[in-house]
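There are 2 protein chains.
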Amino acid sequence: MSENVVIVGGVAAGMSAASQAKRRKPSLNVIALEKTEFVSYGSCGLPYYIMDIIKKHTDLIAVTKEKFKTERNIDVQTRIEAVSIDPKEGKIHAIDHNEKKDVVFPYDYLAITTGASSIKPAIPGIEHPGIFLLRTLDDGIAVKGYIKSFPVKRTAIIGAGYIGMEMAEVFKGLGFEVVVIEKMPNILGTMDEEITSVVEKTLESNGVRILKSTEVKSFDRKDSGMIKIETSNGGFDVDMVMFGTGVKPNSMIAKAAGALTGAHDAILVNEKMETNIPHVYSAGDCATAKHIVLKKDLYIPMGTTANKQGRIAGANIAGGDETFKGVAGTAVVKVFDLEVARTGLTEKEARDYGFNVVSSVITSRTRAHYYPGSKPITIKVVIDKKKGKLMGAQMVGGEGVAKRIDIVVAGLYEGMTVGELSRLDLSYAPQFAPVWDPLLVAANDALKKV
Amino acid sequence: MSENVVIVGGVAAGMSAASQAKRRKPSLNVIALEKTEFVSYGSCGLPYYIMDIIKKHTDLIAVTKEKFKTERNIDVQTRIEAVSIDPKEGKIHAIDHNEKKDVVFPYDYLAITTGASSIKPAIPGIEHPGIFLLRTLDDGIAVKGYIKSFPVKRTAIIGAGYIGMEMAEVFKGLGFEVVVIEKMPNILGTMDEEITSVVEKTLESNGVRILKSTEVKSFDRKDSGMIKIETSNGGFDVDMVMFGTGVKPNSMIAKAAGALTGAHDAILVNEKMETNIPHVYSAGDCATAKHIVLKKDLYIPMGTTANKQGRIAGANIAGGDETFKGVAGTAVVKVFDLEVARTGLTEKEARDYGFNVVSSVITSRTRAHYYPGSKPITIKVVIDKKKGKLMGAQMVGGEGVAKRIDIVVAGLYEGMTVGELSRLDLSYAPQFAPVWDPLLVAANDALKKV
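If you're matching them up, the sequences are chains W and R in order. Using this note's numbering, you'd call the opening residue of the first sequence number 1 and step up by one each time. Using this note's numbering, you'd call the opening residue of the second sequence number 1 and step up by one each time.
Next up, chain W with everything else stripped away, as it sits in the complex:
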């Protein structure tokens, strides 16, 4: 008899796990349960769907439910919400929102890939219409629908993280006024100030108002549909509010079934993506990931990690012996004309974790001095003071940032020193870099401090 594999959650990690398990061992009976209507969509594209540079929400879907069935022989069931796991019996209890009834799925192997939910702070009035989160495809559809039906002119974004930055560009692109309200003293809290100050200037020059160290106290909705925001820094009337205040892992049903959790209450997994419950795997935004610099299990939800972990979970469910090597904390975000990226540890993070580090910040250009279209690029390199081992890097510039940070990513995985970095035979042509690549300039500068 063929074994049952049940996947709970049908987005990045879940559908990667399902696909990999089925590909490796076609005899498996793979069922994926998804709470919403949609599976396998690119949630990172939601801001651009709202901006209308991606026209239809279906464009965000990589593989449809139907195609999973016909092309991969995976049974995807949508609007099925898993509510509890019975590890002893090997069963999942769920609610079928289509038929409005309870259902049970027996499993031999289970992958919990329930993802994460937006954090919705307990602010009075947060339930008013016109106040949105942006996490699921449903969220994106709701936001786009609101903008079409309501004469939006003024918007507020709560939280100056990645989503907040992207949405500032989106709302400006749609012609709205934008105020970004951030509780902390800095925007982009996962980056150091030398980088965020460059981003801040760009936001301002694009007409985005930024309020830092500002707490939202309450929302009120007037009869006109306008939302009044009270903050520690005064009040604002806007037509629409978008929250980008981070996410939390959907680990509740796993915990209830006895799964151990780690950082941020995410499901603790080992490098095979196993939880502590036999035959139960987890992956993606609901799970932890080992940080390769810190050698600690952290919670850093990312679409790329979800795909990688999901694939490994699927491979191991199918009898494989794959391991997840860990994350470097890499991220890149586009903010107007800037590309902003990080990997490893920021200086602040490194110091908070007790490392003895030094750093170097340089500003160079993205092309040869004589080649037109060159843009500034600022690079910060964080290194171990004693041996000069790379601990992390951050970059902000007009082009060539996303893949330039990846050179440092490779270095972090290999334990490269900044001296070794400074000697790399990096590619050069006048269109793509100065003859001394900005990263080499940064490395040479940092080298002086070891």
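You can't tell identical chains apart in this list, so a pair holds if it fits in one copy or across any two.
No more than 30 Å apart at the CA atoms, straight line, and that leaves these computed lysine-lysine pairs for DSS-like: (1) Lys-375 to Lys-67; (2) Lys-448 to Lys-25; (3) Lys-389 to Lys-272; (4) Lys-290 to Lys-387; (5) Lys-201 to Lys-172; (6) Lys-296 to Lys-389; (7) Lys-386 to Lys-290; (8) Lys-183 to Lys-296; (9) Lys-272 to Lys-290; (10) Lys-389 to Lys-325; (11) Lys-325 to Lys-25; (12) Lys-386 to Lys-25; (13) Lys-272 to Lys-448; (14) Lys-449 to Lys-272; (15) Lys-172 to Lys-375; (16) Lys-389 to Lys-295; (17) Lys-448 to Lys-67; (18) Lys-296 to Lys-120; (19) Lys-385 to Lys-25; (20) Lys-325 to Lys-386; (21) Lys-272 to Lys-67; (22) Lys-55 to Lys-144; (23) Lys-348 to Lys-389; (24) Lys-25 to Lys-387; (25) Lys-228 to Lys-148; (26) Lys-272 to Lys-386; (27) Lys-296 to Lys-387; (28) Lys-144 to Lys-375; (29) Lys-56 to Lys-375; (30) Lys-296 to Lys-248.
Everything labelled a hint here was simulated from the structure, so no lab data went into it.
Knowing the structure of chain W, use the given hints to seat chain R on it.
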């Protein structure tokens, strides 16, 4: 008394050596001799100077002769041609083309940074006006002057290497007809066929005619100024010919003084950039460079290497103890809308050197499937068959190639395996890559073959 440092050749390696020596040890008396009128120019920009997207030849100069004097206290003497070295006496004999007289420069330390010359094959008629090389700033000025004064319509490029490819784009951009004549059966001989076939299609779709396996027999110049080219594949009438048939090291005076040479007769240097003659260093396009994959001294002249080697020669002349770690054979070239890059060994090179390798070629996209403006990218990864160690990679695509190849560069220096490559936490946002970066797709595909 202060020591005399003489630098022979005032472009990339030479002026890097001069600057570094003086910076490290200001008491040194540093003199740089340059045969032509120009020092410290970016020869990689010459095609774009001809295309007129760089307006003045002086725009290509990074630091002028005068600035070297006033800002760095380096005595740059132009139109001084070194003709022989007397290592016993510690003297350089030279011709001063300004004063038309012989001159002698005593040295305590010498850096030979004489660069390379274009290879001008012994083809009958090659001396005719309208037939050009492209190596020095003088060459660039001559080509641009010819185009301004002569009604050029049809051009031929001999040699389909990097310069040939760039010049094809330049001449097309100027509205000329272009035929590229290549002796070998493939264009871009330093890349494998899976990559060059993509480039070839782009050349053709841009109206560039390509003749492979075609040898030039002779040139003849008609009274009209038109040049008749006879080839093994028929005759052509063109208005102008550009040679891009590679370079050879200017190692003659070093050899005459007893310097050992290596590959392609380039001056053999150790990792400190010392030649076998005491107190005589060499760097740049006239010298060898250790290949980090092959662990052999090769001749791979590149502007980036010249800068790095020059800096190390200068540092060591000033009493430092710096070493050059070697090159990876990295190169990138823009050809119309394509970026084409390589590092490490091609499959052909690896096999020629006797390695047991396998390779993988994949084609993916440069952005998320739903994000507009995505372009195809083809990646070839070459790995050691036994252990999966990275041996090299090549890429061709519409964007994001130059710095993506550098991820592999970092891996090559660290002895990374393709399995390790496949696990890197590379940056992702929909504008910059699909959620599985094309390089990870290539690595995962190659991994199956280990």
